[in-house]
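Undergrad: Taken in sequence, the protein lines are chains A and B.
Numbered per numbering that gives the first Met the number 0, the first sequence spans residues 0 to 332.
Numbered per numbering that gives the first Met the number 0, the second sequence spans residues 0 to 332.
If you only want the chain B side, here are some residues facing chain A, beta carbon under 8 Å, derived: (1) Gly59; (2) Tyr60; (3) Gly257; (4) Arg259; (5) Arg268; (6) Arg270; (7) Leu275.
Every beta carbon over 10 Å from chain A, so not counted as near; a handful from chain B, in silico: (8) Arg5; (9) Arg6; (10) Gly15; (11) Val79; (12) Thr90; (13) Pro109; (14) Gln142; (15) Gly192; (16) Ala236; (17) Arg282; (18) Gln287; (19) Gly322.
Worth flagging that the hints you see were computed from the coordinates, not collected in a lab.
Note that CB positions come from ideal geometry on N, CA and C, so glycine has one too.
Protein chains: 2
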Amino acid sequence: MTDTYRRLVLARRPTGNVDPSTLRLEEAERPALAEGEALVEVQYLSIDPTIRTWMNDAPGYLPPIEIDAVVRSGGLGTVVESRNDDYPVGTTVFGMLGWTELAVISADDPATVVPEGIDPLPVLSVFGATGMTAYFGLLDIGQPEEGDTVVVSGAAGATGSVVGQIARIKGAGTVVGIAGSDEKCAWLVDELGFTAAINYRTEDVAARLRELCPKGIDVFFDNVGGDILDAALANLAMKARVVICGAISQYNERVPVGPRNYVSLIFQRARMEGFLILDYLDRFAEGQAQMFEWVLGGQIHHREHVVDGLEHAGDALNMLFTGENTGKVIVKL
Amino acid sequence: MTDTYRRLVLARRPTGNVDPSTLRLEEAERPALAEGEALVEVQYLSIDPTIRTWMNDAPGYLPPIEIDAVVRSGGLGTVVESRNDDYPVGTTVFGMLGWTELAVISADDPATVVPEGIDPLPVLSVFGATGMTAYFGLLDIGQPEEGDTVVVSGAAGATGSVVGQIARIKGAGTVVGIAGSDEKCAWLVDELGFTAAINYRTEDVAARLRELCPKGIDVFFDNVGGDILDAALANLAMKARVVICGAISQYNERVPVGPRNYVSLIFQRARMEGFLILDYLDRFAEGQAQMFEWVLGGQIHHREHVVDGLEHAGDALNMLFTGENTGKVIVKL
Numbered sequence: 000m001t002d003t004y005r006r007l008v009l010a011r012r013p014t015g016n017v018d019p020s021t022l023r024l025e026e027a028e029r030p031a032l033a034e035g036e037a038l039v040e041v042q043y044l045s046i047d048p049t050i051r052t053w054m055n056d057a058p059g060y061l062p063p064i065e066i067d068a069v070v071r072s073g074g075l076g077t078v079v080e081s082r083n084d085d086y087p088v089g090t091t092v093f094g095m096l097g098w099t100e101l102a103v104i105s106a107d108d109p110a111t112v113v114p115e116g117i118d119p120l121p122v123l124s125v126f127g128a129t130g131m132t133a134y135f136g137l138l139d140i141g142q143p144e145e146g147d148t149v150v151v152s153g154a155a156g157a158t159g160s161v162v163g164q165i166a167r168i169k170g171a172g173t174v175v176g177i178a179g180s181d182e183k184c185a186w187l188v189d190e191l192g193f194t195a196a197i198n199y200r201t202e203d204v205a206a207r208l209r210e211l212c213p214k215g216i217d218v219f220f221d222n223v224g225g226d227i228l229d230a231a232l233a234n235l236a237m238k239a240r241v242v243i244c245g246a247i248s249q250y251n252e253r254v255p256v257g258p259r260n261y262v263s264l265i266f267q268r269a270r271m272e273g274f275l276i277l278d279y280l281d282r283f284a285e286g287q288a289q290m291f292e293w294v295l296g297g298q299i300h301h302r303e304h305v306v307d308g309l310e311h312a313g314d315a316l317n318m319l320f321t322g323e324n325t326g327k328v329i330v331k332l
Numbered sequence: 000m001t002d003t004y005r006r007l008v009l010a011r012r013p014t015g016n017v018d019p020s021t022l023r024l025e026e027a028e029r030p031a032l033a034e035g036e037a038l039v040e041v042q043y044l045s046i047d048p049t050i051r052t053w054m055n056d057a058p059g060y061l062p063p064i065e066i067d068a069v070v071r072s073g074g075l076g077t078v079v080e081s082r083n084d085d086y087p088v089g090t091t092v093f094g095m096l097g098w099t100e101l102a103v104i105s106a107d108d109p110a111t112v113v114p115e116g117i118d119p120l121p122v123l124s125v126f127g128a129t130g131m132t133a134y135f136g137l138l139d140i141g142q143p144e145e146g147d148t149v150v151v152s153g154a155a156g157a158t159g160s161v162v163g164q165i166a167r168i169k170g171a172g173t174v175v176g177i178a179g180s181d182e183k184c185a186w187l188v189d190e191l192g193f194t195a196a197i198n199y200r201t202e203d204v205a206a207r208l209r210e211l212c213p214k215g216i217d218v219f220f221d222n223v224g225g226d227i228l229d230a231a232l233a234n235l236a237m238k239a240r241v242v243i244c245g246a247i248s249q250y251n252e253r254v255p256v257g258p259r260n261y262v263s264l265i266f267q268r269a270r271m272e273g274f275l276i277l278d279y280l281d282r283f284a285e286g287q288a289q290m291f292e293w294v295l296g297g298q299i300h301h302r303e304h305v306v307d308g309l310e311h312a313g314d315a316l317n318m319l320f321t322g323e324n325t326g327k328v329i330v331k332l
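Pulled out of the complex, with its shape left as it was, chain A reads as follows (with noise of 0.2 Å):
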């Protein structure tokens, strides 16, 4: 164990991606711990589209993150040093740690103790807060019912993947991903199970869908926002509902475009809802349980898109906003 130990700070705000001016690497001395503290070395960071609506000095459901602080992320790490007994030193933990070597747990700032042999991968992902997002999203705000025909954009990421593939164990009579190569679209339906993909920088993605939903569609989860949200509103089906879980397409856009074809959801008597995993904190447990029977048993499968070293943490935030990721991206430190 070093002295110092290094960590990203946000220099300043990003305007569209995050470049380089965006963050400084620190090197800061090893703190020392006070009564009721826990020290935690960080092995991952859950990179995640919400980090950059952070970063942003807008109104959230979180403060911006400030300027010269530790980029706020979700992370997992091993306790290595411990004034608190919830937390004894060799314990894997998960959590809000930041991009950072090192990090601070206490009851005021905790952490979930991640059981011992357990995959730290998937605790990132499927059985984190990525596969609960789908899990409640879909389940409890989509409300898909058995024949009902989902559609997903953001489809080849982290949650849009896991979305279709619980729709179709649900009994979904159509599911379809949308994503940005002829390579993700294919893993969507030849490994996932999807009924079709639609490769929206190739595709007309409205007159596809009117193609692959001619009954409309009745559950739309949306990841995406812009284009893809308008042409997904444009064919719904009577009574459908629209999971707004994120907007990746208007992050970076100084000035968000709203979806001109709202007012279908008059005509389809359909609603738009948003909503944030944060809420379904003490029911994670229920969905966990059934993401460890699916994932076990087969049923899902799920991806992971490792970058290596904390000083790429920007560039893999970035990915989730050009789409060069397949699966959950996480950073290995």
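Chain B: place on chain A using the hints.
TA: Just chain B now, kept in the frame of chain A:
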């Protein structure tokens, strides 16, 4: 009774407001009735924003009005000739009679019989589809709870003015109306009992909403869309319900503008839902009974804005978009 009658047909699809070239006033021969038909002399037309949407060649909840066809519209009239026992001569009926002096009704194109002795104007406003839109839209979709903050756009219109009053009766803590003149705002507060009103032509709507709704908006009932919807979205309370009743600011636009602040649906775990009063036809009796009680008890006030002459129906429709009216616009033939 004459042998000819006048009717307004759609000559070409309008862009923006309905100008004289949009409509053609035709003279036609009095129709001969087939078995099962009845002839109605139309006395009043219900002028509703939705008529403007039917003039566009765009998908909607009803097919567009065809070129050279009579403009589709609610209306009230008296049966003057009948070959249908359900509609004896002398009966007052209400239905989709169209912008015409004479209309044929039958089992295929039915109309509702209005009991004798009922004042016709409220039948077209507070006891008709307009009042029912306010009633079911607010209570079924908006689901206001005791103490809630309820905000209504188009608040001096036929629907909006009733929405605010029902909210107040149902125990809303704060009821704010958004309207287009100081006179309308004064009417809302002084006569209808709204807590406050915002003149969107002279005030900063978002800033005023922040001020008047410090705990955020629980129910936003939107007739307008555009910037006003965005201002409301920027001020939602947690778990807010945004009722999309109409989008009058957008119906005249070639390329509509979507609500750029829709992402606050995520942050506030809120929903935006559309509805059509057509779906509530079988519950009208329930809504009308309640509305009768409130109107007779002096708890709900309503106002009709009567325009004289079939030939002015187009101008009357335009009023809804320029905001010249207060209350329900009705054309008297």
